[in-house]
Amino acid sequence: MKNALGVSLGICALVWTYIALFVLGDYVQVWGGFIAWGAYFTVGKDALPKTITATIYGSVLAAIAVILHGYLGVIGDLAWPVAVGITVWGLTALPKCPNIPANVFGYAATFGFMLLASNMEVLATDFSNPVIMMSVSFVLGSVAGLASEKVAGMLG
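So the sequence shown is residues 1 to 156, counted in the numbering used here.
For the record, the hints were derived by calculation from the structure and aren't laboratory data.
Cβ coordinates follow ideal geometry from the N, Cα and C atoms, glycine included.
No incorrect hints appear here.
Subject to a maximum C-alpha distance of 30 Å in a straight line, what follows is the list of computed DSS-like cross-link-like pairs (lysine-lysine):
(1) Lys96 to Lys45
(2) Lys96 to Lys150
(3) Lys150 to Lys45
Pairwise CB distance ranges, derived in the manner of DEER restraints:
(4) Gly76 to Ile19: 39 to 47 Å
(5) Gly76 to Gly156: 57 to 65 Å
(6) Ala108 to Ala13: 17 to 25 Å
(7) Gly6 to Glu121: 35 to 43 Å
(8) Ala13 to Gly44: 19 to 27 Å
(9) Asn119 to Ile19: 19 to 27 Å
Can you build the whole structure from these sequences, using the hints too?
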C-alpha cells in the first residue's frame, strides 16, 4: 500500500480519540496522547520505553517548576521565568533521558495543561495531579505510536 502509515495513523487515531474521549475521559487528555505519539516517531530505535521515559521526565520537571515558583515568589515577576529556566535546563541534565525533543514535549504539554486547568494539584496522588493525568496520556499515546507503526507494517 502506497500510504500504509497514513492509513494506519488514521485508523489508530480514530481508536485513540474514541477511547480518550468516551472511555477514559476523566483520566487522559486526547491531545497529550497525540503529543507522545508524535514524540514516538522522533525517538528512533526502542522508541516505546524511551518515549515514555522522556515525556514523563518532562512532565515531572514541569511540576517541579510550579513547586519552585512557589518558593521563588519573593523575587516577584522573575519567579516564573527563573523556575522555568532552571527546570528547562534540567531537561538536558539527565543522561538516561537524552531525547531532548521528547523531554520538551512532555514538559510543554504538562506545563500548558497546568496553566489552563484551574483544578490541578501538583502534589495530589490522584488524577487531579497533572503529572499523573499527562503521564497516563503519554504512555497510551506512545503505545498508539507503536500500534500505528505495527499496523502500517501489516498494511505494507
